[in-house]
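Peer 1: Spelled out from the first residue to the last, the chains are:
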Amino acid sequence: MRRVLLIGATSAIAQEVGRLYAARQSHLYLVGRTAEKLEAVAADCRVRGAVIVGVSVWDARWWEKATELIEQARQALGMLEVVLIAHGNLPRQDELWHAPQQMVEQFHVNATSVIALLSALVPVMEQQRRGVIGVISSVAGERGRAQMAVYGAGKAAVTAFCAGVRGYLHPFGVRVITIKPGYVDTPMTAHLPKNFLFASPQRVARRIYQALEKGYPDILYVPWWWRFIMAGVRLIPEPLFKRIRI
Amino acid sequence: MRRHEYLSWGRYPRQRPSAVWYLWWRSERLPPTPPGMTLLPRGYGRSYGDCCLNEGGILVDATGLNRWIEFNAEEGVLRCEAGISLADILTVILPRGYFLPVTPGTKWVSLGGALANDVHGKNHHRVGSFGCFVRAFELLRSTGERYVCTPTQHGELFRATIGGLGLTGLITWVELQLRSVETAWMRVEVVPFGHVRDFFRLSQESDREWEYTVAWIDVTAGGRQLGRGVFWRGNHARCEEAPPYPPREPRRMNVPCDAPSWLLNPWSARWLNRFYYWLQKRRSGVAVVPYDRFFYPLDAVSRWNRLYGRRGFVQYQCVLPPTTAEDALEEMVERIARTSVTALLGVVKRFGEVPSPGILSFPRPGTTLAVDFAIEGERTWRLLDELDGVVRRAGGALYPAKDARMSPEMFAISFPRWRTFCAYCDPNFSSSFWRRVTAGLL
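Which chain is which? The protein sequence lines are W and B, in order. Counting from 225, one number per residue, gives the positions in the first sequence under the working numbering. Counting from 11, one number per residue, gives the positions in the second sequence under the working numbering.
Worth double-checking, as some hints may not be accurate.
As the list claims (entries may be wrong) - SDA-like, lysine to any residue: derived pairs with alpha carbons at most 20 Å apart:
1) W:Lys418 / W:Glu288
2) B:Lys291 / B:Gln235
3) W:Lys418 / B:Gln25
4) W:Lys261 / B:Arg39
5) W:Lys261 / B:Glu38
6) W:Lys261 / B:Glu148
7) B:Lys117 / W:Ser424
8) B:Lys291 / B:Arg280
9) W:Lys261 / B:Ser37
10) W:Lys418 / B:Pro41
11) B:Lys291 / B:Glu388
12) B:Lys117 / W:Arg427
13) W:Lys418 / B:Ala29
14) W:Lys418 / B:Val30
15) W:Lys418 / B:Ser28
I should point out that these hints are in silico values taken from the structure, not numbers from a laboratory. Quantities reported herein were computed from a predicted structural model and do not represent experimental measurements.
Chain B with its partners taken away, still in its complex shape (with noise of 0.2 Å):
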């Protein structure tokens, strides 16, 4: 993505920033705030709906701040500055025997913004969040102080700032808790199934042996095929298991333009979901592979978002407590299925019970469900204001990164300690989705 268009990764909406402010060093100041401007930090805008937009308001860009500070590599921990990239840090921690505790589906966000956001991963039914292992930040507020933030200093900061959106103030830099790997490859275990409820099955005996687990459903089939997919599960491979040497970089592919709207189409749609079914039943049983593979597969194509073309896509993401999630699950696929929308990637995985950190964490016990959805109008929006419904009866919640569309209720439902959050916000920042979720309500 070209850094000064500043959309999101969705691409919709399409809302500008007023301005952009820099910051390159983690001693400078944030600009001042015009009365009615509010600020927003910003990183390498992977977040999928308007969290890292601020339309009409000052836009800080972060990446500037992309540097280490220390590396501690007999305790594996590291203290770099926040807009340093995933992808940056594995560079250096892995030749080491070091690799991320917990690591979102692409490389290429921020320190910060995995922060901001409390982001999980493969391995959350083990470990728990992102927010778990950030031992310390400092947060820059508007009006000049720096506080330094660990559990227990400023920890009330501290907890409102983990999957607190960048509201909260600027983080400059994290302490982070590394977990030590043997190599660079993952033992990987290709697990097709035929119908959405053989999931929890899977995941149920799959959760205890493999350290990482999701799967991949295909949630344009219907009926006796309801939601068939793949379940991957895999543990960082040893060093008798893998190779002598470490995984080559892989090649990158790149969509240089945006594709035509019409490319991705409920059609087209079916028959890419039918073909990667096919292609993984192929691929079943365990193998060795290079952990880019395993962790980043779309990282392989990048701006992979041109694809849904100008129109952009949102995905629905949502987590169902463990009660209610198998029928709510069977729910929302079947609507899905029975609905004529462009939809693909469906991503399924069990949360544990590790409790995150943050007030507006995500993450918490239960089932995830992730669906991207090309933006085709009324019947898009229908659709997932049914999805909510079931969401809703099933006591569930919305993930804040991946939307552009919630209600404020549905917000409030999700997060019904948002109210104690607020008292942490910086009062001159703001986000696009801050102002939707709390229209009427502040």
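This is chain W alone, in the form it adopts within the complex (with noise of 0.2 Å):
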């Protein structure tokens, strides 16, 4: 039995990550954008043997109230053992050129919520001096591309921070792990073309689930290879990159 929060409960790694702990009876506190859909989430996860202690209904948009969140799950679950950030928003880009507005909101949902959500988390963790976070990154943050401009800069934020944060929980024991997923075949990607590089939730589920599980490794590829293949991205020098259409 594990405590677990998860935000983003509908977003289908963390369904997929909410039905592993299910079966081993964990108490699931769930936080999504639509109650409808996190209804369905619950009652799945119900069945499959987790007890759903509570459910919040919360848009990324609505970040300065993370703390009331966070208080509210801690409440609900008695302690957070394990916590997975897990929401995001993957715009298409090219109708964000001509939109300033929606370009900040778009950051604010993939960066700033998350942001405020693990500032919030800061506080309880420290007191507790246990329990682990994973936060769902992106490989898209590690450079910044024409075809995912404000996701891949969300990202990148989302990435520096969470290693900020990972040194500062360091000394009280607690584990703040960078999930780097690369293409998953979920909802959020489902207007792309399909190729070979894309994973399924339910594998890319099962890795998170092991590292929240073992507490390590501090950042997390998704399938294992990506990290190969984003060495090989940084290295291609800028002139060059800027050029290239990928």
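Dock the two chains into a complex; use the hints.
Peer 2: What follows is the structure in structure tokens.
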């Protein structure tokens, strides 16, 4: 049994992680944007063995209210043993180039909200002196690309902030895992053409679950070979990189 | 299988959809259908032929609908979204003392797919087909309407959708009656037999005492050993018969890529059949085995369909009425054994009298034969046409879920009520199979 807080619980990856925890009769607190979907996920986890201690409808644009959310979850669960921050949005970048306001809003959804949540978690975790936080960032955060400019920027911010929080919480015995999935076959990527790089959410979730349970590695690439792909991508000199459309 | 390949299990014909639409939530709507386009719901693509293909149309991938909705542990009734796999269902229900009322030979099929093909299992002679245990389901039509169908509410739509090959709309969730079991183990007896005629004798004497019966026959052996094989009969093991712990998760092998097409040829098929017969003969007797090994032996090798290579394969499955079954089955096996084709995995089973609920349901009283054939051009097609002739004379029928080649006439003979079914089809739904078997008839 584990006490697990899932933020973005209706995302395909978080759902699968929730199922893995449900199979061992964990207590779950689910946070998502749509009440209807959240209810479907809660029912699924319940049948699979979980105890749903709470469900919150929460939108990443309400990031000022992150502290209340974390406090609610902490009270319902009694303690935050495992936290997974899995929400995010992949906008169609080409529609954003001439919509500066929406561009910034997308950054808030992917980055500011995560920073707000982590900041709200820090005092709680510091006091608990145990627990693990998984944050789903992305390989897209490693290098800015025209196709994913604001998404990549958001994920880069998340990756960097996670590293900071990891360092701060390390002496308190709290683990922070930056999860960097590649392409995953989920609703978020439904509009992208599928190719051999896509992994199933089940596979990604199993890896995340293992990492959360073990508390390492600090930076998790899923599938593992993305580490090497991104190492290669980082080596491409910018004068060349700006000319290629990937 | 890679999800985005969207071929059928036999990987023949190699037809692609023009688009794939993903469904992730049961509250979502279907995609709008442009004029001239059609939709077809799609699960895990375990149908052998083309009834899960929609060439040039839109496949609606429903494997995202894989959630549980409710499980009533007192009555053993589940309600799940239609894209959940039977494997997934088993992991939840087995520890609570329940099992699927009817299960096909693989557990990697979707719940909706099992309903839409009205699948049968080794216990058909006792309990009937999968559709007999469906209590209710919700059907989403291309107009956006939703119907909750039960045997009494929208009864005709209920009977059209069971075995309806996904053509009446998209099934969003299913309510199914389960059966209770004491353990996850099976008590199984293996009985080798020397001639196809012995199968009928064994079936007769076993069907009353054994809940699950099925036979494998060597379709490459001729002469005095024509249709020699192995008869399996099993019951769910009771507590005192089984080990006190659940079976371990079986290890799975994987076929990582296409085997070269020459690997399975008439010669190697003959030897494989021979070897398998020898192996099973040594195993004859009673044993208690994990349920996986009894129900899903082929699931031990994932993607085994790649062994046939790029050319793919077809499975030929027919049912022969009780009065003509003995002679017709012998004639079919003889014709297969005489021809130089790559034939593997002949499976025979006697169906019982329980009527199937669907208008287009395949299971009906008689004996069913299923054989896998590698696609080797003309000689394969010629043999299958000959077999069609035997089935037709015997008054039998072919199984759409396995088919990639039956003629419109053969379909009409197999399913005399197909015109009644047409009235319940969703006008925006179609499949490669449906267009093929209704060509020139609609």
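Peer 1: All hints, please: hold or fail.
Peer 2: Structure-based check of all given hints:
Using a Cα cut-off of 20 Å, the hinted pair W:Lys418 and W:Glu288 is violated, with the two alpha carbons roughly 36 Å apart. The straight-line distance between the Cα atoms of B:Lys291 and B:Gln235 is roughly 14 Å, inside the 20 Å bound, and the hint therefore holds. Between W:Lys418 and B:Gln25 the alpha-carbon distance is near 17 Å, which keeps this suggested pair within the 20 Å criterion. Taking the CA atoms of W:Lys261 and B:Arg39, the gap is near 14 Å; set against the 20 Å cutoff, the hint holds.
Restraint check for W:Lys261 and B:Glu38: satisfied, since their Cα atoms lie roughly 10 Å apart, inside the 20 Å limit. Proposed proximity of W:Lys261 and B:Glu148 is supported: the alpha carbons are some 18 Å apart, at most 20 Å. At roughly 19 Å between alpha-carbon atoms, B:Lys117 and W:Ser424 fall within 20 Å of each other, so this suggested pair holds. In summary, the hint linking B:Lys291 to B:Arg280 is supported, as the alpha carbons are separated by about 17 Å, within the 20 Å threshold.
With a C-alpha separation of about 8 Å, the suggested pairing of W:Lys261 with B:Ser37 holds against the 20 Å cut-off. A hinted pair counts as satisfied when its Cα atoms are at most 20 Å apart, and W:Lys418 with B:Pro41 qualifies at roughly 19 Å. A distance of roughly 35 Å separates the Cα atoms of B:Lys291 and B:Glu388; the hinted pair therefore is violated under the 20 Å criterion. The straight-line distance between the Cα atoms of B:Lys117 and W:Arg427 is roughly 19 Å, inside the 20 Å bound, and the hint therefore holds.
Between W:Lys418 and B:Ala29, the direct Cα distance comes to roughly 11 Å. Compliance with the 20 Å bound is thereby established for this hinted pair. Note on W:Lys418 and B:Val30: the hinted pairing holds, with a Cα-Cα distance of about 10 Å set against a maximum of 20 Å. Between W:Lys418 and B:Ser28, the direct Cα distance comes to roughly 14 Å. Compliance with the 20 Å bound is thereby established for this hinted pair.
Checked against the numbered hints listed earlier, the structure breaks hints 1, 11; every other hint is satisfied.
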